[in-house]
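**Q** Taken in order, the sequence shown gives residues 75 to 223; the numbers are from the working numbering.
Since the hints were derived computationally from the structure, they do not count as laboratory data. All figures in this text were calculated on a predicted structure; none of them were measured in a lab. Mixed in with the good hints there might be a few duds.
[What the hints assert, rightly or not] Quick list of in silico lysine to any residue cross-link-like pairs, SDA-like style, CA-CA up to 25 Å:
# : residue 1 : residue 2
1 : 185       : 164
2 : 185       : 154
3 : 185       : 198
4 : 132       : 87
[Stated by the list, open to error] Distance windows between CB atoms, simulated:
# : residue 1 : residue 2 : range
5 : 136       : 200       : 35 to 43 Å
6 : 94        : 200       : 28 to 36 Å
7 : 171       : 125       : 13 to 21 Å
8 : 90        : 197       : 32 to 40 Å
All C-beta atoms in this analysis are idealised placements derived from N, C-alpha and C, irrespective of residue type, glycine included.
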Amino acid sequence: GAEGQTNAYIMLPGNVYVEMQEDQGLSEEITGYHIHFISPDYEEMLAWYTDVFSLEVKPRGTIQTTTNAPGMNISFGNSNTPRQATRGSALDHIGFEFDDLEAFCDELTAKGIEFDVPFRDIPAIGLKIAFITDPWGGYIELTEGYDDF
Numbered sequence: 075g076a077e078g079q080t081n082a083y084i085m086l087p088g089n090v091y092v093e094m095q096e097d098q099g100l101s102e103e104i105t106g107y108h109i110h111f112i113s114p115d116y117e118e119m120l121a122w123y124t125d126v127f128s129l130e131v132k133p134r135g136t137i138q139t140t141t142n143a144p145g146m147n148i149s150f151g152n153s154n155t156p157r158q159a160t161r162g163s164a165l166d167h168i169g170f171e172f173d174d175l176e177a178f179c180d181e182l183t184a185k186g187i188e189f190d191v192p193f194r195d196i197p198a199i200g201l202k203i204a205f206i207t208d209p210w211g212g213y214i215e216l217t218e219g220y221d222d223f
């Protein structure tokens, strides 16, 4: 892999690849580390994610087009084929947790981003939630309170 670790891959339905990487330095037996978004529009995707989620471009190993979201690296790379929509696929969606989801949703609305599921508060379970889709069909869950589960 880009970090010099041993890798293995599993292919899921819909040509979704899962990369497994050995890292003897992990404190847990298994953990999520990064996700790849592969598309001919990878530079535009990187720009969209860094703008919408206020992230900074930060290289990972030999990969220059990556950003770090809290708890996860997102790597963007080139492909000859367009990225497929994720909703209903083996990798249905990704998620981001927020301290103030309602304020973040207000920011998205101001940027003209439409919601698939608008902001809603579910007091019975202590969860606030919304869903959006990125311009390439990536379904994104936005939550506040998920950390408590």
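**Q** Assuming the hint says 35 to 43 Å, is it satisfied by the Cβ distance from residue 136 to residue 200 or not?
**A** 42 Å, holds
**Q** Can the suggested window of 28 to 36 Å be confirmed for the beta-carbon pair residue 94 and residue 200?
**A** 33 Å, holds
**Q** Looking only at beta-carbon atoms, does the pair residue 90, residue 197 fall within the given range of 32 to 40 Å?
**A** 35 Å, holds
**Q** Sort out whether residue 198 lies within 25 Å of residue 185, counting only the CA atoms.
**A** Roughly 30 Å separates the two Cα atoms, so the pair is violated.
**Q** For the pair we were handed, residue 132 and residue 87, check the Cα-Cα distance against 25 Å.
**A** Outside the cut-off at roughly 30 Å; violated.
**Q** Within a Cα-Cα threshold of 25 Å, do residue 185 and residue 164 meet the stated pairing?
**A** 30 Å, violated
**Q** If I claimed the Cβ atoms of residue 171 and residue 125 lie 13 to 21 Å apart, would that claim hold in this structure?
**A** Given about 19 Å between the Cβ atoms, the range holds.
**Q** So if I understand the rule, the pair passes when the alpha-carbon distance is 25 Å or less; does residue 185 with residue 154 pass?
**A** 30 Å, violated
In summary, the numbered hints that this structure violates are 1, 2, 3, 4.
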